[in-house]
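Asks: Each chain, letter by letter, is given below.
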Amino acid sequence: MSAEVGVKDGVALNAAGPRWWKNESAEGLWRNLGLVGVLLALFAIGAVIRPDLYSDFDWVTNNMMVILTQAAAIGVVTVGMTFVIIGGGIDLSVGALIALSGVWATTVATQSFGPAGMIFTAIAVGVGAGLVNGLLVAYGRLVPFIATLAMLVAARGLAAAISGKQTQVSGDQFINSIAKERVLGVPVLVIILLVVAGLGWVLLNRTTFGRRTIAIGGNAEAARLAGINVRGHTMLLYALSGLCCGIAAIMLTSLATSSQAAAAELYELDAIAAAIIGGTLLSGGRGTIVGSLFGVIVFSAITNLFAIANLPTEVQNMVKGAIIVVAVLIQQVRFSSVTQFARRHGLSRPKAGTPQQT
Amino acid sequence: MTKHIPDASRRRLLFGGTALAAGALLTACTSNEAEPNAAQTKGADTANPNAAAGKAVTIGFSAPAADHGWIAAITNNAKAQAGAYSDVTFKQVEAGKDAAAQRAALETLIAEKPDVIVLLPHDGKELNAFGLKAMEAGIPVVNLDRAFPDALAYRLQIKGDNYGMGVAAGHYIGKALKAKGVAAPVIGEIAGMDELELTQERSAGFKAALATYGFSVTNRRAARFTADSGQKEGQNLLQALPKIDAIWNHDDDQGIGVLAAISAANRSEFFMVGGAGSKKAIEDIAADNTVLKATVTYSPSMASSAISLARLIGQGKGMSDLVELQVPKEIILASETITKENASTYLKLGF
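So the protein lines, in turn, are chains A and B.
Taking the numbering used here, the leading residue of the first sequence gets 1, the next gets one more, and so forth.
Taking the numbering used here, the leading residue of the second sequence gets 1, the next gets one more, and so forth.
It is worth saying that the hints were derived from the structure and are not from the lab.
Glycine included, each C-beta is placed from N, C-alpha and C at the ideal position.
It is possible that part of the hints are untrue.
Stated by the list, open to error - Chain B regions said to be covered by chain A (calculated; three or more residues, Cβ under 8 Å):
id, segment
1, 151-162
2, 233-245
Said to hold, decoys possible - DSBU-like mimics (lysine-lysine), calculated; alpha carbons at most 30 Å apart, straight line:
id, chain 1, residue 1, chain 2, residue 2
3, A, K320, B, K207
4, B, K55, B, K180
5, B, K293, B, K42
6, B, K113, B, K42
7, B, K133, A, K180
8, A, K180, B, K243
9, B, K340, A, K180
Claimed, not checked - Residues on chain A that point at chain B, a partial pick, calculated with CB under 10 Å:
id, residue
10, G210
11, I214
12, L255
Whole structure, please, built from the sequences with the hints as guidance.
Replies: Take a look at the structure:
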């Protein structure tokens with residue numbers, strides 16, 4: 001669906017020559033509109049399959065809140081992930097850091113300090129582990145993929161050691177109530193997501209920190225020559241991702257009223273995929289918070305629709321895979337001209353007199 | 001990405017080492033190790049002639065190190081049960097992360113010539129050859145839970161009954177709904193990891209048992225045996241089914257999340273049956289203040305029984321209640337249904 005729209009746009013844009021809607025910020029807008037289109041399509045499919053449910057306004061409103069609630073924890077993580085990817089890195093350890101932060105925050109010892117102690121612990125552990133990632137990447141000169149992969153394994157191991165492989169139940173009423181409470185009909189978890197995303201947007205688009213992140217991701221050497229402290233900044237990016245993991249750990253602990261070493265399984269892949277279908281370039285230097293949020297919500301809406309239509313999970317994963325591929329294909333078509341794309345794949349021949357590209 | 005500099009290796013070592021040291025330090029500071037449940041083992045039973053100290057037996061033991069409460073309970077129980085016998089020496093080898101690692105670890109165990117080996121394999125099919133080899137070397141193998149396909153590969157097989165678990169849950173739900181007089185019930189199922197054979201067996205048993213009452217599953221979701229995945233699938237299931245009569249959730253650990261989703265949605269028009277028999281679930285059933293009304297067991301106490309039987313095999317004795325002079329070749333534990341009425345009896349078996 002979005003593929004069709006996107007490709008058509010691409011053709012139209014390039015045929016018509018440079019226009020205002022072809023500039024960078026407009027491109028993000030087009031992409032987000034495409035994702036909104038996907039969401040509408042998912043809604044329409046649901047309405048066709050289960051008209052009994054979708055005709056009930058209260059149910060529909062509540063279902064939207066459910067979709068957003070399920071997008072909340074992974075959404076917070078994706079905000080951090082977006083920063084890391086824009087800055088030219090990758091963080092594979094986010095799921096493991098959520099598990100580690102969550103497990104640490106729910107040990108009997110930590111729970112005895114009350115909700116403030118639990119929240120502080122989760123965030124401190126997340127930031128701490130993020131800083132270790134950052135140190136290894138920025139100063140230890142490890143490739144981000146390797147450093148955070150090592151952290152993924154180590155953090156899950158540490159979480160298993162701390163929890164004794166048990167599921168740790170949170171007995172704290174305040175923590176457990178976070179996921180249940182609503183303010184003006186909006187779940188608190190969704191509000192947390194909106195606040196984190198809002199702060200992330202401001203940080204990325206309205207501060208020097210954001211500009212430096214984009215500059216480093218675009219060309220680290222140029223950024224360094226321009227006087228940016230690339231190492232220090234890179235380290236902060238991973239700490240930021242760790243901070244988001246700590247916040248997400250509390251959100252997930254609250255939802256599940258417990259935590260365990262195997263929690264937040266494959267969140268790293270969900271977060272990376274959401275950022276990418278939201279238009280963040282995996283090579284860095286480009287990306288938006290809003291796009292990433294839409295990416296997360298699309299995945300959450302798919303899971304929800306599959307449950308409502310009673311379709312098996314394996315099909316759901318295949319659809320998610322297909323959406324990632326389509327989104328990246330659109331990205332390719334948009335970032336080069338359509339004719340170049342076609343030529344590269346042997347779909348059209350260059351006109352006589354045009355130098356052949358190799 | 002980052003530019004590499006020539007003298008990076010020393011730095012890498014330095015930072016890697018620091019990170020490792022920090023991790024080790026942290027582990028040392030915090031520990032929440034689960035106590036082995038004393039009641040899940042068989043203590044001194046003076047009335048039983050088999051309990052008296054006999055020939056010294058060395059038992060080798062290996063189980064995977066999965067991040068799941070059930071496997072943790074298996075290892076803890078085995079250790080605790082072995083500790084309860086003065087004539088048993090317990091030799092545990094680390095199973096590592098996969099079948100190949102476990103095979104390598106077991107090779108070293110054979111070389112040490114224990115009297116009996118108790119083994120919960122990563123995968124029964126992949127470790128079948130090891131069972132054969134140990135048996136040929138004259139070491140009896142007790143195969144715990146994950147079956148070897150080859151009958152020559154073990155002296156005793158003791159395992160839980162996944163299909164039977166589904167059947168037990170299906171019968172409980174079927175009977176309860178028949179008693180209520182519900183004609184076309186809405187039944188939800190929250191399965192565990194769908195790629196595992198055990199999940200498919202559980203679902204097949206559930207389906208078959210429900211069919212005897214003329215019922216079927218309305219909506220089935222597969223979670224990941226974790227509380228957060230249980231919460232997610234549970235929440236979606238509740239959305240898909242505005243009115244539910246009964247839910248079977250395969251695993252009590254993920255059930256913590258399912259119950260959280262149910263309580264957050266303020267739903268209580270149905271009842272739920274759990275699976276495995278965790279301590280928390282049994283306590284919830286006894287307290288009777290949630291929708292969880294029953295759970296069907298798949299108890300890790302089987303590890304304690306496996307050690308007891310391995311000892312008898314090592315000593316050449318039979319089970320004293322049976323006529324036979326040797327331990328039987330196969331024991332499949334019945335999946336028992338825990339309800340409010342018998343919860344107090346089963347609480348000691350909760351893990």
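Asks: Please go over all the hints and tell whether each is borne out by the structure.
Replies: For each hint, the structure was consulted:
1. With 0 residues bearing a CB less than 8 Å from a CB of chain A, the segment 151-162 of chain B misses the requirement of three and the coverage assertion fails.
2. For the segment 233-245 of chain B, the stated coverage by chain A is satisfied: 7 residues place a CB nearer than 8 Å to a CB of that chain, which reaches the threshold of 3.
3. Proposed proximity of K320 of chain A and K207 of chain B is supported: the alpha carbons are some 29 Å apart, at most 30 Å.
4. In summary, the hint linking K55 of chain B to K180 of chain B is not supported, as the alpha carbons are separated by about 57 Å, beyond the 30 Å threshold.
5. With a C-alpha separation of about 28 Å, the suggested pairing of K293 of chain B with K42 of chain B holds against the 30 Å cut-off.
6. For the given pair, K113 of chain B sits about 26 Å from K42 of chain B by alpha-carbon distance, which is consistent with the 30 Å threshold.
7. Pair hint K133 of chain B plus K180 of chain A does not hold up; C-alpha atoms about 56 Å apart against a cutoff of 30 Å.
8. Taken as a hint, the K180 of chain A and K243 of chain B pair is honoured in the structure, with Cα atoms around 20 Å apart against an allowance of 30 Å.
9. Simply put, K340 of chain B and K180 of chain A have alpha-carbon atoms about 28 Å apart, close enough for the 30 Å limit, and the pair holds.
10. At its closest, the beta carbon of G210 of chain A sits 19 Å from a beta carbon of chain B; the interface hint therefore is violated under the 10 Å criterion.
11. Hint on I214 of chain A is violated. Least Cβ distance to chain B is approximately 15 Å, over the 10 Å limit.
12. Here the hint on L255 of chain A is kept, as its CB sits about 5 Å from the closest CB of chain B, short of 10 Å.
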